[in-house]
Amino acid sequence: MDNTATQKASVTAVNDFFMERPDYNEGYDEQTNTVIRLCSPKKDKKQKAYKVTGIDDVASKNNWKAWLYLAPALILVVIFLIYPLVNTIFISFLSDYSYVDGTYSGFTFNNFGMILGLTTYNGVYETNFVQYAIPNTFFIVFVTVPLSTLIALLISVALNSIKWFQKFLQTVFFLPYVTNTIAVGMVFSVLFDQSGVINYIFNIDTIWIYGSTQWVAMVPLCIYIVWSSLPFKILIFLSGLQGIDKQYYQAARVDAASRSKILWRVTVPLMSPQILYIIITSFIGAFKEYTAVVGLFNGPGTMNGEHNMYTIVYYIYENLSKQTSFAAAAAVFLFLIILVFTFVQLGVSKKRVYY
Amino acid sequence: MENTITYKSPKIDTSKIVLSINDAGKTVESIQRKEKIGHIASTVLTYIIIGFLALLVIFPFYWMIITSLKNNTEIIQDQQTFFPSIVMWTNYVYVFNSFKFTTFLTNTVVVAFFSTLGTLITTILAAYAFARLEFKGRDAVFMIFLMTMMIPGEMMVISNYITVASFGWIGTKQTYTQAYLAMIVPFVVSVFYIYLLRQNFKQIPNELYLAAKVDGKSDWSFLWKVMVPLAAPTLISITILKFMGTWNSYVWPNLVTSNESYRLISNGLRGSAFTDSDTGRTSYGYQMAGTVLVTVPLFLLFVIFRKYIMRGVGRAGIKG
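First to last, the protein sequences are chains R and Y. Using my numbering, you'd call the opening residue of the first sequence number 1 and step up by one each time. Using my numbering, you'd call the opening residue of the second sequence number 1001 and step up by one each time.
It is possible that part of the hints are untrue.
Said to hold, decoys possible - The calculated DSS-like cross-link candidates involving lysine-lysine, where the alpha carbons are at most 27 Å apart (straight line), are:
#1 Lys1034/Y - Lys163/R
#2 Lys65/R - Lys1217/Y
#3 Lys1036/Y - Lys163/R
Calculated from the structure, these hints are not laboratory results.
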């Protein structure tokens, strides 16, 4: 007798067992090693009156006790993650909101108009957000994300192809990850000092940091951001590369494909899940850039009182206690941008990612 | 219908055709030798490029260390030196005395300890509930948890600041306890770590649980006697990453503390002036000595726990 026939026979036997004793609703089938439970036939008459289940199903059903286990995390998540989300959106629509006593004079769209430079508050325009925060943030995103992804991809392909010192070099490239962003930002501002080593090596006299202009100061900032975002990407790419089946490369070699062709036609398509993951996470990360600016410039500008190095997040933190509603509006704005970008990328990826 | 096919032969100037075979006149040995040379050349090239990039990556660290050992005139002179002409250990002595390193260090360690402990407790309990226990609405709650991971933390900071202020933990009369509470409590839960540990708990076979049940063990003792020891590597990763997170946190401590002596190491570093008493300008030597003191503990941690750190960080990518 073949296996399915045995099973059928035994199930019929168990079924008969239930028919004989209608007060029993559970039985154990020794042949197939499963627990058989009688379900109410009223729910769906087309379904059979029995159900074969695995042994997992009889495991714990601790209803209320489970909530006790969950309680500490749940309470904290509600207070510090879910409530703030709702509350921040709420605050962004309040006028004259004061966080100290929680008073406000009414609901308005003016906060969004304010940060976008469309409307005035007490007759004054707020220009820092449109003039500095938005362009700076977008510049950082569209320069550092492609650049660091490409460099990280090349480094990890190279790392994957070598035999000696692989582990050692991997550790070296991971080092920037285990550093304090503020501390190394300060190191970069020393490197890019007017009498610093960068100007010395290239024999130039550029003012990069203090007293510089907005776009010149972007150079050290972007270099720093690329430098500090490499390790995470290399780590992810390397783990992806090590998972690629060697057969693809053997096939490519049989076809006498060139090295660059193998890279762009074999490796990159096979790495597309990792590349997509990295691009989405680093887009989000770059939109939230803040500590790098603090580390390099020790303030929102290249000169005292200036705000020309504002990023969106820097704007949020600076206005948090002064103009809470503007900060909330900026946070909602950031949230929407990130949401849109994530969905666009996921949409694009459906066509481009080869799993 | 009839189709007429006309065939025009292309005009080819036969005198210009040269037939050649690439490998003509070569022996197997010579081809192999050529391939070997090509392979060696590309390997050497790879090593040169990657070595150069590795030097670029570690150069800031090198510069940080040598600058911390230079005196001020050497730092700002036109001729930059790649090794200090006079090694100035006194920079470190100065930083230890003026920059309140020990105060910041104590604050950071206290905050890191309690927030890591709190995170571990909430994470273990919640991950256990999600992975092992069954209750109504489990999947719905888990989905909500996961969704909060997509929201940028900056959205939360504003309201959390207000919440913490309403608890009375922020203000000009802030005490040590209040400052610590304000820095610890909002961060003793992490949805990402709950997710990470839940995945780990899920891998532990059901049979262990059933065996424990047969032996009359409660869910509680099964969690601490079986699950937690088995998930130890993940818990170590979480502990180290959380500690590193506190060590690097800048924004929140800066917002919620009113007194400089309550602040953490990053705030202390960026907030200190490191002014040279003679010139009144910022002394890069002192400043870099400070950054070395902040960076070295992280490096030590990395050297000891390299495996756990890299696995913990890498775990995030493998799920995708």
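Evaluated hints:
The hinted pair formed by Lys1034/Y and Lys163/R meets the criterion: a straight-line CA distance of about 21 Å does not exceed 27 Å. Between Lys65/R and Lys1217/Y, the direct Cα distance comes to roughly 15 Å. Compliance with the 27 Å bound is thereby established for this hinted pair. Of the supplied pair hints, the one linking Lys1036/Y and Lys163/R holds, its CA atoms being roughly 16 Å apart against a limit of 27 Å.
In summary, the structure agrees with every hint in the numbered list given earlier.
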